[in-house]
Amino acid sequence: MKQLLVFVLSLYTTLTWAVLEVTIIKQDENALPIVISDFSVVGDANQGKTIARVMRDNFNRSGEFSASSANYVINDKPNFDKWKTKKIEAIVLGKLEKISKKVFNVEIELLDVYSKKTLYKDKFAVHNSGIRRIAHYLSDQIYHALLGEKGSFDTRLAYITVTNKGKGEREYRLEISDSDAQNPQTILKSKEPILSPVWSPDQNKIAYVSFRNARSEVFIQYPFVRRKTQKLPYFDGIASSPSWHPNGKSLLLTLSKNGNKDIYSYQLASKKLIRLTTDVGIDTEASYSPKGDKIVFTSNRSGQVQVYIKNLKTSKINRATFKGRYNAKAVFSPDGKSLAMVHRVGKYYRIALLDITNKYLTIMTNNQLDESPFFSPNGGMIIFATHKGSSGVLSVVSILGRQTFELASKTGEVREPNWSHYLK
Amino acid sequence: MLKIISLTITIVLFSSCSSVDYLYKKVLPKPNVVTIEDRTENTQENVIEADQSSLQSQGFSISGVDTSSIVEPVVVADFRNTDVSFVLYFFYDGTEIYEDSTKQIIKHANFMRNNPALNLRLEGHADERGTREYNLALGENRALSVKEILGLYDLSSRVEVISFGEEKPILQHHDEDAWQKNRRVEFVYQ
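Top line first, the protein sequences correspond to chains A and B.
Counting from 254, one number per residue, gives the positions in the first sequence under our numbering.
Counting from 122, one number per residue, gives the positions in the second sequence under our numbering.
Worth flagging that the hints you see were computed from the coordinates, not collected in a lab.
One should not assume that every hint holds.
Said to hold, decoys possible - So, partial list: chain A residues that the calculated Cβ filter (under 8 Å) puts toward chain B:
id : residue
1  : P446
2  : L448
3  : S449
4  : F464
5  : R468
6  : S469
7  : I491
8  : S493
9  : T507
10 : T537
11 : E538
12 : V558
13 : A581
14 : V595
15 : E624
All C-beta atoms, glycine included, are put in the ideal place defined by N, C-alpha and C.
With the rest of the complex left out, here is chain B (with noise of 0.2 Å):
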């Protein structure tokens, strides 16, 4: 069962190739590596499509960091009112993007070229589960996950990639819900 949802999910990536098929080869992702602990979780799971207006409306900043005193240009700004996301999320202890997720990603990548004054500063955030510290290097290494993709259309070095680990949740309840929501990199330009 699990291995096909896993071959579900390269079938997907390649036959939906097209323009990025360059982009599928080198960031393929890994098979899920999936327990029968975790398989109530990851069938939950599958990516969810970042949802930014219902997080608005609930009052939640968008940013990790407190963005309301960052002016963001009216260029980011006017790319926010696309149906770009801004923000991504993962699995349960998971680094790897998928195809909707990357997907988002090849747009951030194309608006950064068009804008070539603009850097970006990937955040990288877990969920409340398991250890602080842990959840710190796994917050990064999500962040690292977006950013090597950018880097495959050379934009490394405009990428600056931070992570909060834990520390700051969307959602601060403590069930599946909340930790879907908190398990994610926010795309912040400056």
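If we strip away everything but chain A, and leave its shape as in the complex, we get (with noise of 0.2 Å):
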């Protein structure tokens, strides 16, 4: 009975750190034809096919290529002429060798159909619990020897997951995942709000927002080391919308000291504030640009909800958006030339994206309730939340418009993307 009584509970467990489901939504018919086949494996190597699947499932989910398996092993001098026919562009295959109990040999070559040439090949080891973290760096690399940049998929989300339970009440859960959103972890559990996680540049903490103690407080948490979360010091008024320094060391945050809503940087060493904005409206949601020099942040200053970007070094505030009566929560892109936002269209909250120097807006999606937009650490994609149905769940986006994807919750809404930067 016993026993029995242990099975049910790592049953309820399993179900309620549910995976997200990745739906791909829209595929771009141009995206570059791959083939990624399964590994070879040399003795008891099952996780061949599993480092295959997801590097393909990475490549699908980029927008940049249609990644498909060969149907067979290829395991040695492919049939480029027969390749160039399918119109397949470059084929990956490799090998998996166990030489000991939990150490595997890892071989990996990337060849170009057209020019029959070497583009990228490399042979490690590696311990058995690391295959799929070793199958998103190769993408990473694969990524790179194709189009020259890196990709984004060795890296981690964080979001919050809500759970109805019933008579009122909800669940709230700070979760983090790979950036496949497999191998779901909760952070933290509440019955009260949390909001705004955000991802420090070590990707060793995540500082949000929670309503534990009945008022909006910010907090630091520190995933990998259990139970240790650490508290700001105690501000009056609302303490809200944290984001890191590119250094790590100082939180953007808002304050309302004395109901006057405003932007300061909290020096985690000194515990010192420096006030950035002293506008007598709302001024909110600030994030650095990627060297740290500028901020961007929402503001109600015109009598309208827009964007504002503050050049620290000059203290200059210049307006960033024009078009639109709503614009709002915008981020810098890795590359600092753009910013992603929330812009209202008629009665619709859309992601947008800005370039800074031309003014020319993107509108990126098409849906109603668009929140919280994101950069993938190379720039690529955009994440945010969005609602179907009644449910809110969160979808990418690739920057050329091309590729959308869904991540969906089977036991109630996901919301508040933040993707992480490389992990180390």
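From these two lone chains plus the hints, build me the complex, please.
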């Protein structure tokens, strides 16, 4: 009986730690066709299929590629002419060899079908617990070999899930997962709302807002250190909207001292507060430029909700958005050249991309209530929250607008995604 | 047309002033910035008289915080049974307090003066549209607008303001009906 109970409990755990379901909504017909063959295996190495499948899924989600398997394992030199007639541009093949109980040797090669040349080749040993991580790492390498820029695969997501528990009670969870939504882990559970999770630049900390004390306060959680949480000092009024400086040493916060909502920089070591805005209107949702020399924030100082950029060297504040009556929650792209933001079109709230230099605004989505945009670390994709039916899901759109995929939970709502930097 | 609407509001305010003359001068609402785009929303909205009975009958908690565990003082329960509203509603992206709401706030002010041991928490809320952090700020501004009026009665020190932004909606569906009910300030006595 006892054993049965344990079984039931553990089953419950796996159910509630549900992996988000990834669905590709729109695939680009111009995506580059490549083949990623199942790895050949030497000895007892079933993970050869897993590595290749994880990689194919990565490439298909990126929007840049259409990755298929070869239906058979390509061991050696592929028949280039045959793949050429199938319009395949590149082939990935690999080998996985078990060399001890827990260690594998991985070999990988990327071949260009037209030139028949090797574009990338590597060989190394890996612990068996790191097979998925290696698949993401190799995906980044191959993406780089083919496009000359990094992928965003060896990274993590953070997001909030909300489940209705009945009787008006809800359960909020702060979760983290790999970039492909696998390996989800709950790092915080609360009956009170949790919002605005942001990965620190070193990816060891997540700052977020919690209402656990019946008011909005900012906390820092160490997801890889059991039960380590740090609460920022008490500030009069609301404290919210945390965002890290690229050097990880300070946080931007919105504080409402005396009821006036302004942006402050909070120095974690010295505990000093530096006030960055003084307007009587609402100033909030601040985040740094990649170099840390500017901040972008939302303000209603003009009577409308618009996005502003403050140059921290000159202290000058310039309005960044002029199109539309509601622009908010902007974030800089990793190259610092554009902003992703929530943009209101008529009755609808959509994600838009603004070129900071030429002010050209592109609306990236066509839903009704999109929010919380955030760039993938290579800038190639924007993840955001939206509604599907009555439930909240995450959606990802490629910058070129060619591809979208969705991350949904079977048990409730998912919201407020944040994408980590590259893992070390 | 829009000017006429705000003018009407002003006239209504001044014409109905009696014992609360002095209040209106201080908290005279700024004309709502109404845009072409916003017009459809604002024509539907006007200030909605707080209607707790319908909310209660639908099984919703009156407060953003779970009130079931809080034993409400008898005086508050009695006060609740009068024609007073414990919830005030707002325009889209607005923090202005209009005449009906002001009347309700004055009832609360008098109640607080008669019950000096009670403190009040004003909980500001927003609808789900727009961004969460902006809505958190907006919710606080709504509660602060209410507090400002109570401040005219020297009650500021007994009033705490918090905001839940869009995190604690009363109605969870995604339409104008729900949004109207969710843009609110709730009165919670402690």
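Checklist entry - At a threshold of 8 Å, is the proposed contact between A581(A) and chain B supported by beta-carbon distances? => result Status holds, d = 4 Å.
Next on the checklist: Please check whether T507(A) passes as an interface residue: C-beta within 8 Å of a C-beta belonging to chain B.
Outcome noted: holds, 7 Å
Checklist entry - Is the hint on R468(A) kept, meaning its closest Cβ partner in chain B is under 8 Å away? => result Interface hint status for R468(A): holds (5 Å vs cutoff 8 Å).
Item to check | Evaluation of the interface hint that places E538(A) against chain B, nearest CB under 8 Å | outcome: E538(A) check passes; min Cβ-Cβ to chain B is 5 Å, inside 8 Å.
Next on the checklist: Quick check on the hint: V558(A) CB to chain B CB, less than 8 Å?
Outcome noted: Given a least distance of 6 Å, the restraint on V558(A) holds.
Next on the checklist: T537(A) was flagged as interface toward chain B. Is the shortest Cβ-Cβ separation under 8 Å?
Outcome noted: holds, 5 Å
Next on the checklist: Please check whether S469(A) passes as an interface residue: C-beta within 8 Å of a C-beta belonging to chain B.
Outcome noted: holds, 6 Å
Item to check | Supplied contact hint for P446(A), tested at 8 Å Cβ to chain B | outcome: Check passed: Cβ of P446(A) comes within 4 Å of chain B, closer than 8 Å.
Item to check | Hint validity - I491(A) Cβ closer than 8 Å to any chain B Cβ | outcome: Because about 6 Å separates I491(A) from the closest Cβ in chain B, which is inside the 8 Å limit, the hint holds.
Checklist entry - Against chain B, with CB atoms and a cut of 8 Å, does the hint on S493(A) hold up? => result holds, 5 Å
Next on the checklist: Hint E624(A) vs chain B: min CB-CB distance below 8 Å?
Outcome noted: holds, 5 Å
Item to check | Cut-off 8 Å, beta-carbon criterion: hint that L448(A) touches chain B | outcome: holds, 6 Å
Comparing the model with each numbered hint stated earlier shows that all of them hold.
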